[in-house]
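Chains C, X and L supply the protein sequences, listed in that same order. Numbering of the first sequence is given in the UniProt record's numbering, commencing with residue 1 and proceeding in unit increments. Numbering of the second sequence is given in the UniProt record's numbering, commencing with residue 1 and proceeding in unit increments. Numbering of the third sequence is given in the UniProt record's numbering, commencing with residue 1 and proceeding in unit increments.
It is worth saying that the hints were derived from the structure and are not from the lab. Be aware that a few hints might be false.
If you only want the chain L side, here are some residues facing chain X, beta carbon under 8 Å, derived [unchecked claim]: (1) 54; (2) 88; (3) 327.
This one's a predicted model, so the numbers in the text were calculated from it and none came from an experiment. By construction, the Cβ of each residue, glycine as well, lies at the ideal position given by its N, Cα and C atoms.
Chain by chain, the residues:
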Amino acid sequence: MKKTLIALAALGAMAGVAHAQSTVTLYGVADAYVGQVTTKTQVGAAAETRLSQNVVNGSGLSSSRWGLRGAEDLGGGLSAVFTLEGAFDISTGAVATIAPQGNTLFGRQAFVGLKGGFGTVSLGRHTTAYDTLRGITNNIYNSPTFATTASVWGVGVQDYQVRASNSVAYTSPDFAGISGAVVYGLGENKTATTDAENSASLHIKYANGPLLVGYAHQREKQVAGGNFFGTSTGVPAPVTTVTDTRKYNSLGASYNFGVANLTGGYNTAKSNTRKDKEYQLGVSVPFGAAALAAGYSRAKSEGAAGLAALKGTGFTLLGTYNLSKRTTAYAAVINTKRESGTTAAFTTTKVLTSAVGIRHTF
Amino acid sequence: MKKTLIALAALGAMAGVAHAQSTVTLYGVADAYVGQVTTKTQVGAAAETRLSQNVVNGSGLSSSRWGLRGAEDLGGGLSAVFTLEGAFDISTGAVATIAPQGNTLFGRQAFVGLKGGFGTVSLGRHTTAYDTLRGITNNIYNSPTFATTASVWGVGVQDYQVRASNSVAYTSPDFAGISGAVVYGLGENKTATTDAENSASLHIKYANGPLLVGYAHQREKQVAGGNFFGTSTGVPAPVTTVTDTRKYNSLGASYNFGVANLTGGYNTAKSNTRKDKEYQLGVSVPFGAAALAAGYSRAKSEGAAGLAALKGTGFTLLGTYNLSKRTTAYAAVINTKRESGTTAAFTTTKVLTSAVGIRHTF
Amino acid sequence: MKKTLIALAALGAMAGVAHAQSTVTLYGVADAYVGQVTTKTQVGAAAETRLSQNVVNGSGLSSSRWGLRGAEDLGGGLSAVFTLEGAFDISTGAVATIAPQGNTLFGRQAFVGLKGGFGTVSLGRHTTAYDTLRGITNNIYNSPTFATTASVWGVGVQDYQVRASNSVAYTSPDFAGISGAVVYGLGENKTATTDAENSASLHIKYANGPLLVGYAHQREKQVAGGNFFGTSTGVPAPVTTVTDTRKYNSLGASYNFGVANLTGGYNTAKSNTRKDKEYQLGVSVPFGAAALAAGYSRAKSEGAAGLAALKGTGFTLLGTYNLSKRTTAYAAVINTKRESGTTAAFTTTKVLTSAVGIRHTF
Numbered sequence: 001m002k003k004t005l006i007a008l009a010a011l012g013a014m015a016g017v018a019h020a021q022s023t024v025t026l027y028g029v030a031d032a033y034v035g036q037v038t039t040k041t042q043v044g045a046a047a048e049t050r051l052s053q054n055v056v057n058g059s060g061l062s063s064s065r066w067g068l069r070g071a072e073d074l075g076g077g078l079s080a081v082f083t084l085e086g087a088f089d090i091s092t093g094a095v096a097t098i099a100p101q102g103n104t105l106f107g108r109q110a111f112v113g114l115k116g117g118f119g120t121v122s123l124g125r126h127t128t129a130y131d132t133l134r135g136i137t138n139n140i141y142n143s144p145t146f147a148t149t150a151s152v153w154g155v156g157v158q159d160y161q162v163r164a165s166n167s168v169a170y171t172s173p174d175f176a177g178i179s180g181a182v183v184y185g186l187g188e189n190k191t192a193t194t195d196a197e198n199s200a201s202l203h204i205k206y207a208n209g210p211l212l213v214g215y216a217h218q219r220e221k222q223v224a225g226g227n228f229f230g231t232s233t234g235v236p237a238p239v240t241t242v243t244d245t246r247k248y249n250s251l252g253a254s255y256n257f258g259v260a261n262l263t264g265g266y267n268t269a270k271s272n273t274r275k276d277k278e279y280q281l282g283v284s285v286p287f288g289a290a291a292l293a294a295g296y297s298r299a300k301s302e303g304a305a306g307l308a309a310l311k312g313t314g315f316t317l318l319g320t321y322n323l324s325k326r327t328t329a330y331a332a333v334i335n336t337k338r339e340s341g342t343t344a345a346f347t348t349t350k351v352l353t354s355a356v357g358i359r360h361t362f
Numbered sequence: 001m002k003k004t005l006i007a008l009a010a011l012g013a014m015a016g017v018a019h020a021q022s023t024v025t026l027y028g029v030a031d032a033y034v035g036q037v038t039t040k041t042q043v044g045a046a047a048e049t050r051l052s053q054n055v056v057n058g059s060g061l062s063s064s065r066w067g068l069r070g071a072e073d074l075g076g077g078l079s080a081v082f083t084l085e086g087a088f089d090i091s092t093g094a095v096a097t098i099a100p101q102g103n104t105l106f107g108r109q110a111f112v113g114l115k116g117g118f119g120t121v122s123l124g125r126h127t128t129a130y131d132t133l134r135g136i137t138n139n140i141y142n143s144p145t146f147a148t149t150a151s152v153w154g155v156g157v158q159d160y161q162v163r164a165s166n167s168v169a170y171t172s173p174d175f176a177g178i179s180g181a182v183v184y185g186l187g188e189n190k191t192a193t194t195d196a197e198n199s200a201s202l203h204i205k206y207a208n209g210p211l212l213v214g215y216a217h218q219r220e221k222q223v224a225g226g227n228f229f230g231t232s233t234g235v236p237a238p239v240t241t242v243t244d245t246r247k248y249n250s251l252g253a254s255y256n257f258g259v260a261n262l263t264g265g266y267n268t269a270k271s272n273t274r275k276d277k278e279y280q281l282g283v284s285v286p287f288g289a290a291a292l293a294a295g296y297s298r299a300k301s302e303g304a305a306g307l308a309a310l311k312g313t314g315f316t317l318l319g320t321y322n323l324s325k326r327t328t329a330y331a332a333v334i335n336t337k338r339e340s341g342t343t344a345a346f347t348t349t350k351v352l353t354s355a356v357g358i359r360h361t362f
Numbered sequence: 001m002k003k004t005l006i007a008l009a010a011l012g013a014m015a016g017v018a019h020a021q022s023t024v025t026l027y028g029v030a031d032a033y034v035g036q037v038t039t040k041t042q043v044g045a046a047a048e049t050r051l052s053q054n055v056v057n058g059s060g061l062s063s064s065r066w067g068l069r070g071a072e073d074l075g076g077g078l079s080a081v082f083t084l085e086g087a088f089d090i091s092t093g094a095v096a097t098i099a100p101q102g103n104t105l106f107g108r109q110a111f112v113g114l115k116g117g118f119g120t121v122s123l124g125r126h127t128t129a130y131d132t133l134r135g136i137t138n139n140i141y142n143s144p145t146f147a148t149t150a151s152v153w154g155v156g157v158q159d160y161q162v163r164a165s166n167s168v169a170y171t172s173p174d175f176a177g178i179s180g181a182v183v184y185g186l187g188e189n190k191t192a193t194t195d196a197e198n199s200a201s202l203h204i205k206y207a208n209g210p211l212l213v214g215y216a217h218q219r220e221k222q223v224a225g226g227n228f229f230g231t232s233t234g235v236p237a238p239v240t241t242v243t244d245t246r247k248y249n250s251l252g253a254s255y256n257f258g259v260a261n262l263t264g265g266y267n268t269a270k271s272n273t274r275k276d277k278e279y280q281l282g283v284s285v286p287f288g289a290a291a292l293a294a295g296y297s298r299a300k301s302e303g304a305a306g307l308a309a310l311k312g313t314g315f316t317l318l319g320t321y322n323l324s325k326r327t328t329a330y331a332a333v334i335n336t337k338r339e340s341g342t343t344a345a346f347t348t349t350k351v352l353t354s355a356v357g358i359r360h361t362f
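Using the sequences provided together with the hints, build the complete structure.
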């Protein structure tokens, strides 16, 4: 569809048709893998139990998605832009679960706005500004399944919410390599007795040639009884159980040496009972159409008096082979270890996933 | 997409390609606004409570929607036509709630049929013929949020159901300005002891130059225990609680003076316990790419013995600015007052909404 | 859309634009009918009850669906392929119920894979290899509503599941008319105490000129408490109640004599308590743009000691008229009789459906 429209524009130019403009582009990613997931669980000092499962799953290298988007030139450097993008589980055909307030038709992104010399302003459901920086500085190409951060972070304090409904987003233009973004989401759940929840995020980054470095902050005002934020189980739109303002800070960078691309990041996450410190490192090395990538994450959570300290670690090795610009075959192994619970007898979960898959973008 | 296909047709004509026909058009509306909703509630003679909430919502000027539609020329003046159209809440990405039997993928319209010299006949889920007339004679461009009727009508008798599933629709051709439509929806819920529910609607209208005038009727046969109709809460596909045949009558008109466009309508709605009388007036005045519109509604419900008489009033001021044919910025204020309840100690709800938004069609 | 892209390719070739390739095709079927369904029910020797209902339903001649699909030429005879296809009920606009694990956005098919000289391998949710053969050798064009098998088979042993989530599919190339397919779906629901469920299917067929003949097998490993398979009510993703491995075998054939096309099939289905034997016959006779088709099915189930023997029969007459290659009008009558229950006082259900409808593909 996209190429079609480009071709059309070319034809239009040739044939002297002035208004051969597209008004909507249909696009997406179809990504699936076959693999094995081995989970070892140990509660306190009890014996370890082991379960190994064969799986066909979606969203290995990238999240499977489909969407509609468009941009209309309004003249004077101004454009109207919109995006409607949903996630699906290719292994069942179902809408994929996306916290918070997810599991919806266009749950990944849904917005309409204006773009000009001032930047872009839009209204709807957006990826937070925090997540945007996290994504571009994450290891393993920010894979939803194989990036080590996906499985390891949030060991103590629930990881930040990737999206915000009922939000206003502003993305700045680029000033000599410096750019930034702000997203503010309204809980719209104020009552006679409690405030509305909200999600506020921002990032600022510097990108110049091989270097990208940035800082991001996210703050989630959660009110007991509110349903604007998800819980750590990832189930969409549940009720928040405690009143808390969670704060997330992230420093991230990447440097492309040509022979290798390095990424790294350091985060902190604070709730009213815990503080987590997390870092991740990644490297990818291209070999013609192929590439090898490795990632490592470590997370550590300290709790208030009486709460167990928790740790998480993860390591990934991923090989990719580009069959074309739009189609990539991949193989990966990810090994994670994660502690959970509140007392000394916490649970240790080790997961080893090996997978072979294919990603196609359209 | 639409423009693309038009361009294609033009190119096809030039290049001598005879069969450059599209088989499906992807289209939609993305509409969102940021605003404030202040609600004042008073139960009987008790003190008024007040709640003010900031919101980012969808469907301000028009309902956000996406759809697939097509028309195939079958020769001899006959075409096959189809439409599959769904509503979404751009502020969450979710499928929007549409009563009755709504909240579904293609909940706005889903039909296939034939169009010819005789008119159009189609099968599926349709907007009722009553709603079609109401839409084109409603104030504030029939906005789902700012038309005064949306918030004020249905004060006593639940307002008519906009759509009918399991329906046959017929739209006549135009006879010297006169045209009409009929939609008949089958409840398909007949049992050994109760009849099936149904929704029957028709309209007839005369449109000539600046004048449009029409009459519409809708009749909803509701059976206790049936689930073909919604309740006044708008939740989709609930169970009807009483057996009743509700009757709706509407007279509507619009006249375009050039410097201003006037609209107006008078309705009655009858249930087995209540009779409502409703009217609305609207005016819109264009100023180049901008326009200012005002709307007013009033509704009055008289109940059977022992039931409180209820009133509703609403007033809207809306400014629009067309950034292009497809993109419109808008600002609006709507102020409504509505009574609800059965006894003298009924509830009075006043809502003041102010909003700034953007609508983009694709 | 499809024709558009073909036209584009033609234009591209003319205008010397080399890369006028589409990356996604939007396609579907919109099918609806108006009809009457008369159901007569008799429990044991009790008096027969009769209920006649008027309906507007979808999916008469073919299942209403919409989807996205694409194929990318990767060079060397290799292509990347994907399909995302969902079912909808055109009479309500809702996503249609598809067992097992259905009722989902792309519940019909969702996969991505590679196609080459070796055949096609894909990952995701697939139609089973068993269903593929059943479909091409079924009577009444494998209509979801009017094929006699749809209403009659599965009288004792629940009929096979048409689709498998979490599956790997392989379709072989054609070897001198011989080809085959295998689909293996993983329940992914292994626990510490029970195995994972799975669905395994294969078919092999020979197609040469007017003749097609094939054999198919499907095996469903169902575990009590598992949710990978549907129940006989067709409700998606329920919990399986008994541990059982169901086995389905099918022999099917079709022969096109030109003046008439004959189809036929013989199946067996086995559960741990029942064995069903089923056969079907069909004929279709073209008359220019029109065609007349007739179908007949018979099913017989023998149960373990104490379980009633059950029978089912069905007969259909269907006339079609092609208004174009993409649009077909149809009229049908289907008469079925089906026994259900476990004891001698089983229920006999007779259903007579008459319908007039239209199918449009896009």
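Quick rundown of the hints versus the structure:
With a least beta-carbon distance of about 5 Å to chain X, the hint placing residue 54 (chain L) at the interface is held under the 8 Å criterion. With a cut of 8 Å, the hint placing residue 88 (chain L) at the interface with chain X holds, because the nearest CB-to-CB distance is about 6 Å. About 4 Å separates the beta-carbon of residue 327 (chain L) from the nearest beta-carbon of chain X, less than 8 Å, and the hint is met.
Violated hints are absent here; each numbered hint is respected by the structure.
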